[in-house]
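Colleague: Sequence:
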Amino acid sequence: MLLATAMLLGPAPAAQAHATLLFATPTVEGAVPTSPEQIQLVFDQAVRPAESALELRGPGGEQVGLGEAASGEDGRTITAPVLEELAVGQYVVDWTATAADGDTMTGEFRFAVGSSAGLALGGGAQPQVEGWELLTLLRWGMFAGLTLSLGGLVGARLTRRTALAGTEQDDPRALLRTGVLLGLVSALGLAVTLLGDGSLVAGASTRSPWTLVESTAGRVAAVEVLSFAVAGAAMLLRRHAWAGLVLVAVAGAEGFRAHPQAASPGWGAVLIFVHLGAASIWVGALVHVVRVGHSRRNRELSAATAVVAYARLALGLFALVLATGTISGLLLAGPAGLRDTLFGTTYGRWLLAKITLVVVIAALALLARHHLKSRPALAQPGSTARLEVVGLAGVLAVSALLTSLSPPVLRDAELPFPPPPLGPISAAGGRAGWIGVGATASEGQLLVRLSTPDTEMSEDAVDTNTYDLDANLTAAGDPASRHLPLRRCGPGCFVAAIDWQRGQNTVTFKADSSDFPGGTTAVTVAWPPRQAPALLRRTVRIMGAIPELTLYEQVTSNTNTGLGDEVRLQLTGQQLLDSDPYGSGVAPTVVVIDRDDNAGETVMALGYPGEGTYVRLTLDHHGRITRETLTAPNHLTTRSIVYPEEKHDLHTHDPGPRT
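For the sequence shown, the numbering used here begins at 3 and goes up steadily by one.
Because the hints were derived from the structure by calculation, they are not lab data.
The structure displayed is predicted, hence computed values, not measured ones.
Incorrect hints may have been included.
[What the hints assert, rightly or not] Label pairs and their calculated CB-CB ranges:
#1 Gly602 with Ala89: 17 to 23 Å
#2 Thr522 with Gly492: 41 to 47 Å
#3 Leu332 with Arg112: 27 to 33 Å
#4 Gly198 with Val392: 29 to 35 Å
#5 Asn474 with Gln40: 54 to 60 Å
#6 Trp352 with Gly198: 23 to 29 Å
Cβ coordinates follow ideal geometry from the N, Cα and C atoms, glycine included.
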């Protein structure tokens, strides 16, 4: 058992259940106007790409060339380059990956090229486990073996204590060896299937069986096989207490690969350990008590004492099974999404079937208990008990099926990291109360990052705030605004799918946090982005040559109290540049968002998303900056610039481009 414990406690990722496809680029059921350069899938945990991890089918079902799939982000992404230009039409992505629990997952999703229809930020089509039918059968066999052996040990102890003196040797023996053998064969089948990446035949023909213990899923399978084998040896030596202790390890090992472990690492394993252990004893003890009761009635002996003792035990076990099952279900679906999960997914419908069986079994148990209390001297109804056993066997079968199905994919599940941008990008920012808002727009999506004065937008920063964000989009040419469904992608990170309209799009944000009051701000996104790095370089050259200007500046960290007190400064153009992030003439994104030829004004947005800094500049017809709004993680700076009358034309020696 020390070996088994060491194998389970070895290095392991946090989540050990089936992998869930959280996000895809291009967006699942979404659209892109032009051919994408790559296909990328984002999962909730590390996965291992299969030999044909990604395949792309065109509008006519033909295969489209993709490059070799590669893993990234610690195994949580699979990316493959698109080797040819995709024509207008609908495409289907087929993907295959091996999850951390060892099951090989498959799935597909669609996207469109050259269309703006059907854009939605979703978690992808419900994936399937390859060979789930065989896995269900093997897991049912393992659960049944654990039930007959572990539960049989408890039931045998219970009936021995309630037997009349000199009659216990005539009671039937518990099906201990049958249970251990069934569990051992099933656990071996699961281990071999795991070696074959979902194929029993491939696993049986492998020449490297020792690779099983290189993954957490393999170590779990090895512990289960070892536990049944050791328990069988202990039973042969009539060391039943030792066998019971060893069998408990099977329930513990199963907890490490079950779905709730992914939702709540550590506690999820504990929940399944208690749930499976209690259910095994509940069912297995009942099977033995029913067999003993039938035998005693045939010998004209009363089985009432055994039934009463079991009823007392079963009440506590039922409470444990019900409580842990309920908590596990809430961990997977969440209270808000429970209804949609139960009625809208395959996993949820089978979970409903399991709940229904448990309710029926509970009703049968209550009926038997009532019969026992009202007529203790009479023989107890064997048909009720047998129905209860059959129902519990059905519960085990459905439980085995649920472990082989993918858990429900929640459309609003938090992404482990921000999805990568696709195509050209534009960045803008604002401040809502104490909260800095940075928005990065790309093809089909909007990524928003929030920050407060005690945090910085860096990769190693730890933000302890809890943020809430609401967003509405007013598209170009459409005065009506629509709500944007947002999805979390980390602390202070949100992403939304957007079908950008050509022209100016305005996104209004309402932000709040647990530690700082928020507010409302808006950013403008010009689509498609017109990158203008030459215009920024020209502006810096012009500003660097200005000998004198008057700067009116306001700085605030909380826009709810206004823009701050105005300060007047006399500067040179170079001094202004030295105080600004764009002073070098370079910015990650430089986008022209508006140009008014009548007023002679040009507005451009500069983005420094890595630093959480965004600048909006308004230029006059001379190319000089007249207004500036700078949004940084800790403050908002608003500037107006006034120039004295010049004796010569600043642009005589500047033939540089305007765009």
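Colleague: For Leu332 and Arg112, compare the CB-CB distance with the range 27 to 33 Å and indicate the outcome.
Modeller: holds, 32 Å
Colleague: The hint says 41 to 47 Å between Thr522 and Gly492; measuring C-beta to C-beta, is that right?
Modeller: violated, 23 Å
Colleague: Is 54 to 60 Å right for how far apart the beta carbons of Asn474 and Gln40 are?
Modeller: violated, 31 Å
Colleague: A range of 29 to 35 Å was offered for this pair. Does it hold for the Cβ distance of Gly198 and Val392?
Modeller: Because 33 Å falls inside the window, the suggested range holds.
Colleague: Using the Cβ atoms, figure out if Gly602 sits within 17 to 23 Å of Ala89.
Modeller: violated, 43 Å
Colleague: Quick check on a hinted range of 23 to 29 Å for Trp352 and Gly198, using CB atoms only.
Modeller: holds, 26 Å
In this structure, the hints that do not hold are numbers 1, 2 and 5, in rising order.
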